[in-house]
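Residue numbers (our numbering), protein chains in the order written: chain A, 1 to 268; chain B, 1 to 268.
In case anyone wonders, no lab produced these hints; they're calculated from the structure.
One should not assume that every hint holds.
Said to hold, decoys possible - Label pairs and their in silico Cβ distance ranges: (1) Q55/A x N131/B: 29 to 39 Å; (2) I69/B x L111/A: 52 to 62 Å; (3) I69/A x S118/B: 48 to 58 Å; (4) D235/A x N164/B: 45 to 55 Å; (5) G72/A x I225/B: 48 to 58 Å; (6) K94/B x I265/A: 15 to 25 Å; (7) D89/B x E62/A: 30 to 40 Å; (8) K94/B x I210/A: 55 to 65 Å.
As the list claims (entries may be wrong) - Pairs of lysine-lysine, DSS-like flavour, derived with a Cα cap of 30 Å: (9) K223/B x K263/A; (10) K180/B x K268/A; (11) K223/A x K180/A; (12) K59/B x K268/A.
Unchecked claim - In silico contact screen, one side only, chain B against chain A (beta carbon under 8 Å); selected entries: (13) H46; (14) K52; (15) S53; (16) V149; (17) P152; (18) Q170; (19) D242.
Built from N, CA and C at the ideal position, the CB exists for glycine as well.
Chain residues, written in single-letter form:
Number of protein chains: 2
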Amino acid sequence: MNKISSNNKQPIIGIFDSGLGGLTILNQLNKDFNNYKFIYFGDTAHLPYGTKSHQSIIKFCEQIVDFLISKGATIIIIACHSASAVAIDFLRKKYSIPIIDVIQPTIKLSLMIKSNKSICVLGTSTTISSNTYSENIKKLSTNIKVYEVACPLFVPIVEEGLENSLIANQIAEMYLNPLKSLSIDSLILGCTHYPMLYKTIKKIIHKNIIIIDTGVAISDELKQILPSSNDSQNDNEYYVSDLPYRFNELASKFLKYEINNVKQISLK
Amino acid sequence: MNKISSNNKQPIIGIFDSGLGGLTILNQLNKDFNNYKFIYFGDTAHLPYGTKSHQSIIKFCEQIVDFLISKGATIIIIACHSASAVAIDFLRKKYSIPIIDVIQPTIKLSLMIKSNKSICVLGTSTTISSNTYSENIKKLSTNIKVYEVACPLFVPIVEEGLENSLIANQIAEMYLNPLKSLSIDSLILGCTHYPMLYKTIKKIIHKNIIIIDTGVAISDELKQILPSSNDSQNDNEYYVSDLPYRFNELASKFLKYEINNVKQISLK
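Isolated chain A (complex conformation) (with noise of 0.2 Å):
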């Protein structure tokens, strides 16, 4: 991708997710792009993607694409696992601006990772199903062993405010328990609820496993084509398709703090 200088017109970045999950990225994009507008899209209205078919998946993000566009973004980040699973080449053929999806920029910093030699992902239905995680893994490195699991409780339990809860722990037992027998080196929350369940899940796994961050490895990615900056920070907006029960709640705790900029559009 070509570097864009900082002396052009300040590029706008659109950012999207199937709810509000990818405000997660967002929190760690604002740390190391502080001086760039972020346009933030959760397609709440069709929440969760997780389960829904490729087909409907691909003509969402078309929609949120036009629609972030048509809102001046020049630069769109897929801030959702299952979307990058089964929309980005789609999306890179359709548009001519630059595309960072979640899947490559999180498998090319588990690679970084000198001693990984088996690494586990967790995702939703759709992202596991997919198989877009072993299949891009096994293209870049042909040793190291990868598995996945779909948890699609975690979702609901997040969203239910449970994620430090006994239930939380007896759900995530019940997907993680039969990895102990395998020797993993590095686990990839493939869907960006799951960071809300890192102590549930770090309790779990075995001390040694390396979770891997995905908001900074999408920052990594962003890097190769912005400068970083801590100046002052634009004025981020936020748009939904709907406006769920428990949005206030919900935002706040993905993004660590508030916001009172929320608008509900229809995507056409």
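With chain A fixed as given, assemble chain B onto it according to the hints.
Below, chain B without anything else, positioned relative to chain A:
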């Protein structure tokens, strides 16, 4: 409502839910109205409704009713508690054909239990926050106490096939244990997914509590306008707005038999 004579041209009945849960209701109607054709629509692209805004749900329902009418439906059944709770007034004002919701018939059936002094309603966040059950019960009987409990994890638990698991039991205990100190006479399973948790719920609640069957309630209401029949069955049609993950498995679980004529369409 006017009774429709069986000598008229056979009416076609449109029935819809946010997903496949409404098939539990269709299952009962198939038994009691075996000579009528049903057109089922599951809005799987927007599922679950239980966490969406009232405004969005009304828009989805309008598009679905337009679709069902375009397919020849002359009676509409809303086999979804969230949609019934927020969209019934709008739909009855807009359309002149009979529209049966799931809430009014369920309340009617529960008030027919003579010893009923207190009712507990379990539902999604949307259904419970709408207060539709409590307000409508109080309109009909001021002496009855109504308790309402939002159980947002029940739908994902059923969709994951975990309805009879230890985890389902613990989640059900989390929602239902606070009811033990209250004197509850009857329980309404206010979401079409919840009948799949019947055994799990039955184990936790007091054995004297009567669980109301919403399928029977809607069938009783339909009998007010259509003569029931056990003649040979017309072929039902099935439509969804997305083909979800594990569609066939879920459909046959809800409906108790396999279907192979499901078509996916886009709502307008």
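Evaluation of the provided hints:
Here the CB-CB span from Q55/A to N131/B is close to 38 Å, well matched to the stated 29 to 39 Å. A beta carbon spacing of about 55 Å between I69/B and L111/A agrees with the range 52 to 62 Å that was offered as a hint. Restraint check, I69/A to S118/B: a C-beta distance of roughly 56 Å satisfies the suggested window 48 to 58 Å. Taking 45 to 55 Å as the suggested C-beta distance range, the pair D235/A and N164/B conforms, at roughly 50 Å.
Distance hint check for G72/A and I225/B: the Cβ-Cβ separation is about 55 Å, which falls inside the suggested range of 48 to 58 Å. Between K94/B and I265/A the CB atoms are about 24 Å apart, so this pair conforms to the stated range of 15 to 25 Å. With their beta carbons about 35 Å apart, D89/B and E62/A fall inside the hinted range of 30 to 40 Å. In this structure, K94/B and I210/A meet the distance hint of 55 to 65 Å, their C-beta atoms being roughly 57 Å apart.
With a C-alpha separation of about 45 Å, the suggested pair K223/B and K263/A falls outside the 30 Å cut-off, and the hint is violated. Taking the CA atoms of K180/B and K268/A, the gap is about 48 Å. The hint is violated against a cut of 30 Å. The suggested pairing of K223/A with K180/A is violated, with an alpha-carbon distance near 36 Å, which exceeds 30 Å. Taken as a hint, the K59/B and K268/A pair is honoured in the structure, with Cα atoms around 14 Å apart against an allowance of 30 Å.
With 8 Å as the threshold, the beta carbon of H46/B comes within range of chain A, its nearest partner Cβ sitting at about 7 Å, so the hint holds. With 8 Å as the threshold, the beta carbon of K52/B comes within range of chain A, its nearest partner Cβ sitting at about 5 Å, so the hint holds. Hint on S53/B holds. Least Cβ distance to chain A is approximately 5 Å, under the 8 Å limit. Given the 8 Å rule on beta carbons, the hint for V149/B is violated: about 13 Å separates it from the nearest Cβ of chain A.
A cut of 8 Å between beta carbons decides the hint on P152/B: the least distance to chain A is about 6 Å, and the hint holds. Of the supplied interface hints, the one on Q170/B holds, with its beta-carbon coming within about 6 Å of a beta-carbon of chain A, less than 8 Å. With its C-beta approaching chain A no nearer than about 5 Å, D242/B sits inside the 8 Å limit, and its interface hint holds.
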